[in-house]
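**Q** Build the full structure now, drawing on both the sequences and the hints.
Residues per chain are reported as follows:
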Amino acid sequence: MLRTDPQAAFEAALGEHRRIVFKVASIYARTPEDLRDLAQEIILQLWRAFASFDARRGKLSTWMYRIALNVAISHARRPSWAAADRIDPIEDDHPALIGEPAAGAPDERLRELYAVIEQLPPLDRALILLYLEERSHAEIGEVLGLSETNVATKLGRLKHAMRAQIAARGG
Amino acid sequence: MDLEEMKQAWAALDARVDALESCDRLARSRARLGWTSAGDVVQLAGTIALTAWVAGFWIHHRTDPHVLVAGLALHIYGIAAACLLTARLVLVAHAYYTDPVLVLQHRLAVLRRFRIRASLALGLPWWVLWVPCTMIAASALWGLDLYAASPRWVWGSLAVGLVGLVGSVWIARRLGGRPISTPWLARMVDDLAGRSVIRAGREVDEVVAFRRD
Chain A
1 MLRTDPQAAF EAALGEHRRI VFKVASIYAR TPEDLRDLAQ EIILQLWRAF
51 ASFDARRGKL STWMYRIALN VAISHARRPS WAAADRIDPI EDDHPALIGE
101 PAAGAPDERL RELYAVIEQL PPLDRALILL YLEERSHAEI GEVLGLSETN
151 VATKLGRLKH AMRAQIAARG G
Chain B
172 MDLEEMKQAW AALDARVDAL ESCDRLARSR ARLGWTSAGD VVQLAGTIAL
222 TAWVAGFWIH HRTDPHVLVA GLALHIYGIA AACLLTARLV LVAHAYYTDP
272 VLVLQHRLAV LRRFRIRASL ALGLPWWVLW VPCTMIAASA LWGLDLYAAS
322 PRWVWGSLAV GLVGLVGSVW IARRLGGRPI STPWLARMVD DLAGRSVIRA
372 GREVDEVVAF RRD
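Quick mapping for you: the protein sequence lines, in order, are chains A and B.
Just so it is clear: in the first sequence, position 54 is 54 by our numbering, and no numbers are missing.
The number in our numbering is simply the position in the second sequence, starting from 1, with 171 added.
These are computed hints drawn from the structure, not numbers from a lab.
A portion of the hints provided could be inaccurate.
Stretches of chain B that chain A covers, calculated by requiring three or more beta carbons in the stretch to come under 8 Å of a beta carbon on chain A [unchecked claim]: (1) 223 to 230; (2) 265 to 276; (3) 371 to 384.
Sample of chain A residues lacking proximity to chain B, with all beta carbon distances greater than 12 Å (derived) [as the list claims (entries may be wrong)]: (4) Arg30; (5) Thr31; (6) Asp34; (7) Arg56; (8) Asn70; (9) His137.
The C-beta atom is built at its ideal place from N, Cα and C for all residues, glycine as well.
**A** Structural data, given as structure tokens:
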């Protein structure tokens with residue numbers, strides 16, 4: 001436990017790592033409303049599990065990535081009848097965190113990045129998110145439950161596939 | 172755009188995230204705290220209590236063959252239901268969001284497949300089971316032997332139940348793939364048509380393949 005008051009400790013931890021929650025939610029959510037719901041669900045599960053977090057056994061960020069990704073992947077796997085918005089086709093430029101971009105602005109690249117990520121299966125999305133977050137192979141392995149070697153191999157393949165996809169999109 | 176540019180674009184997302192509303196507010200806005208498996212526990216307790224009562228009932232009526240058969244049918248169903256519900260609770264109890272992603276996603280996919288199969292195994296027999304259930308209720312509440320009063324009603328109801336059971340599966344398979352806007356109906360059709368089990372099975376395979384490759 002980080003502090004004596006669990007709620008204060010949780011709020012402090014969340015304040016420090018809030019980007020994890022929203023970035024994970026952003027690659028699995030399909031609409032801004034979905035993003036909000038998913039972020040809430042992640043925060044709820046983080047709070048529920050917070051009492052079990054032991055700083056001596058690992059980093060807070062690793063623990064948060066695990067929970068956030070587990071919640072988000074489970075959310076993404078829900079069949080269409082479990083979430084009304086799932087009936088709609090995937091929006092081309094979903095990125096819920098992106099506003100209306102000016103031409104050539106970073107938003108345009110983000111939009112393109114999301115479009116590539118959106119084509120990936122849920123587990124590959126988790127891997128590429130951790131890569132984009134510049135996590136070490138060891139930490140990625142810890143979050144996903146893979147060996148470092150396996151992470152390196154999979155990342156190599158995934159990056160190759162993404163390069164090909166970007167090229168195919170004319171990037 | 173190359174992968175380095177992707178990383179830069181991703182890093183630019185931080186500013187967007189920081190501009191979003193406070194996490195504290197989001198966390199407090201959701202008061203849906205509680206034990207998600209509470210429903211399963213209540214169902215299990217009810218099943219065990221009912222099975223125990225049915226056991227006492229058929230033992231007491233063991234000299235009436237048709238009441239005995241009706242009681243035994245419900246008793247066997249009750250034991251099977253209690254076993255399935257217990258297995259489901261055990262699977263749920265071993266699923267933690269704090270587990271590594273592949274470990275939990277595999278458990279959840281197995282659990283999902285098990286849940287669907289268990290729901291079908293527990294739900295479909297009720298097309299027929301309502302008959303012995305009614306027989307026992309009539310006997311327990313009013314001392315009425317429905318089979319003695321009208322064996323044709325009992326056999327006819329069982330036949331209708333069997334037709335309903337086969338028919339519901341057939342209709343679900345016919346409807347499979349068509350968009351259904353009512354969530355509970357869509358779920359039922361998916362389960363009956365076997366599409367939910369196939370989907371859950373694919374998820375299990377996907378996690379296994381991701382871990383192995």
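**Q** Determine for every hint whether it applies to the structure shown.
**A** Right, here's what the structure says about each hint:
Residues of the stretch 223 to 230 of chain B with a Cβ under 8 Å from some Cβ of chain A number 0, which does not satisfy the need for three, so the listed coverage is violated. With 10 residues having a beta carbon nearer than 8 Å to a beta carbon of chain A, the stretch 265 to 276 of chain B meets the requirement of three or more and the stated coverage holds. With 6 residues having a beta carbon nearer than 8 Å to a beta carbon of chain A, the stretch 371 to 384 of chain B meets the requirement of three or more and the stated coverage holds. At the 12 Å boundary, the C-beta of Arg30(A) stays outside the reach of chain B, the nearest C-beta of that chain being 17 Å off.
Every CB of chain B lies more than 12 Å from the CB of Thr31(A), the least distance being 15 Å, so the non-interface label holds. At roughly 14 Å, the least C-beta separation between Asp34(A) and chain B is larger than 12 Å, which holds for a residue marked as non-interface. Distance to chain B confirms Arg56(A) as a non-interface residue, since its nearest Cβ pair spans about 15 Å, more than 12 Å. Its closest Cβ contact with chain B, about 5 Å, brings Asn70(A) to no more than 12 Å, contrary to its assignment away from the interface.
Non-interface call for His137(A) relative to chain B: holds, since the shortest CB-CB distance, roughly 14 Å, exceeds 12 Å.
Hint check: violations occur at hints 1 and 8; the rest are consistent with the structure.
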